[in-house]
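Participant: Single-letter residue listing:
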Amino acid sequence: MSGGGEFRTALGRARGLGSAHHGVSAFIVERSTSVALVPLCLWAVYAAIKVAPLGYESAVLMLRQPVNAILSLLLVGVSFLHMRVGLRVVIEDYVHTPAAKIAALLANSALCWLGWAVATFSILWVAFVGGPVH
Amino acid sequence: MAEATSTGKGVRSRPTSPHLQVWRWHVTMAASILTRATGVALYGGAVIAAVWFAALMVGPDAYGPVMVVLGSWLGKLVMFGLTFSVFYHLAAGLRHLVWDAGAGFNPHTANMSAVGAIAFALVAAVVVWALAIQTGAVR
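In the order they appear, the protein sequences are chains H and B.
So that you can map any letter, position 95 of the first sequence is 94 in numbering that gives the first Met the number 0, and since no number is skipped, the others follow by simple counting.
So that you can map any letter, position 13 of the second sequence is 12 in numbering that gives the first Met the number 0, and since no number is skipped, the others follow by simple counting.
To be clear, the hints were calculated from the coordinates, so they are not data collected in a lab.
Check before you lean on any hint, since a few could be wrong.
As the list claims (entries may be wrong) - Just the calculated beta-carbon pair ranges, DEER-fashion:
| id | chain 1 | residue 1 | chain 2 | residue 2 | range |
| --- | --- | --- | --- | --- | --- |
| 1 | H | 14 | B | 72 | 57 to 63 Å |
| 2 | B | 125 | H | 89 | 25 to 31 Å |
| 3 | H | 56 | B | 105 | 54 to 60 Å |
| 4 | B | 32 | H | 97 | 23 to 29 Å |
| 5 | H | 97 | B | 22 | 25 to 31 Å |
| 6 | B | 134 | H | 109 | 21 to 27 Å |
| 7 | B | 72 | H | 101 | 38 to 44 Å |
| 8 | B | 125 | H | 97 | 43 to 49 Å |
| 9 | H | 14 | B | 121 | 46 to 52 Å |
| 10 | H | 109 | B | 25 | 34 to 40 Å |
| 11 | H | 56 | B | 22 | 50 to 56 Å |
| 12 | H | 42 | B | 31 | 25 to 31 Å |
| 13 | B | 20 | H | 129 | 36 to 42 Å |
C-beta: ideal position from N, C-alpha, C; glycine also.
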């Protein structure tokens with residue numbers, strides 16, 4: 000194989016350098032969420048056009064309709080999951096210094112979970128409590 | 000072979016891949032870059048959506064300003080960009096699902112699907128905005 004001076008066996012060199020054995024779950028999450036997002040994104044475009052001209056009260060009433068609230072929850076939940084896995088790949092491709100990479104991956108996860116929590120709580124609040132918070 | 004790639008330290012240097020600038024510009028390459036770019040743009044779009052939902056919860060004092068910003072020229076430009084991004088990323092995602100199934104890899108098919116995805120996204124974004132303006136949803 001390669002140059003001399005090596006006493007380690009091929010197996011010894013290969014150990015620990017292989018697959019981490021959990022990449023498949025990220026692959027499946029990315030694909031399954033993408034399938035779910037096809038109808039959800041088309042609905043989102045439709046809903047955005049419907050809600051755009053409405054005033055505050057009408058927008059609240061629209062989100063209070065169970066179908067709209069449920070689809071909004073699904074849209075937000077699946078989107079942030081898909082984004083978290085998707086941007087992870089982008090970060091891993093472009094950020095190579097370990098400290099910056101770990102910081103970027105943590106920031107990505109944190110932003111996705113925060114966005115999901117804020118949006119989900121807001122949707123549930125509007126759906127169950129209605130009007131503005133006090 | 001081994002001589003050509005040897006670093007002289009007994010360690011074979013890893014094979015390197017030609018980087019972006021040495022490739023002839025090609026539609027499948029543009030489609031690939033656009034997939035990632037629109038994905039990152041939609042990341043921003045999701046943050047805007049989360050802010051919108053939060054503003055709806057907080058009340059008219061927050062919702063009003065958010066809608067003013069989204070309805071400004073810059074806001075509309077961003078929303079049009081996001082509309083294109085949604086349709087393009089969706090089409091690109093479908094291309095990837097077909098590839099995952101093991102189909103659509105030959106150059107002609109890949110070129111056609113790349114052109115198709117870009118054309119679909121442009122047409123869909125323009126049609127959606129034309130409808131939105133026509134129905135008075137966007138002024």
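Participant: Does each hint fit the structure? Answer for all of them.
Facilitator: So, going through the hints one by one against the coordinates:
no., hint, in the structure
1, H/14 <-> B/72: 57 to 63 Å, "holds, 59 Å"
2, B/125 <-> H/89: 25 to 31 Å, "holds, 28 Å"
3, H/56 <-> B/105: 54 to 60 Å, "holds, 55 Å"
4, B/32 <-> H/97: 23 to 29 Å, "holds, 26 Å"
5, H/97 <-> B/22: 25 to 31 Å, "holds, 29 Å"
6, B/134 <-> H/109: 21 to 27 Å, "violated, 39 Å"
7, B/72 <-> H/101: 38 to 44 Å, "holds, 39 Å"
8, B/125 <-> H/97: 43 to 49 Å, "holds, 45 Å"
9, H/14 <-> B/121: 46 to 52 Å, "holds, 51 Å"
10, H/109 <-> B/25: 34 to 40 Å, "holds, 37 Å"
11, H/56 <-> B/22: 50 to 56 Å, "holds, 54 Å"
12, H/42 <-> B/31: 25 to 31 Å, "holds, 27 Å"
13, B/20 <-> H/129: 36 to 42 Å, "violated, 56 Å"
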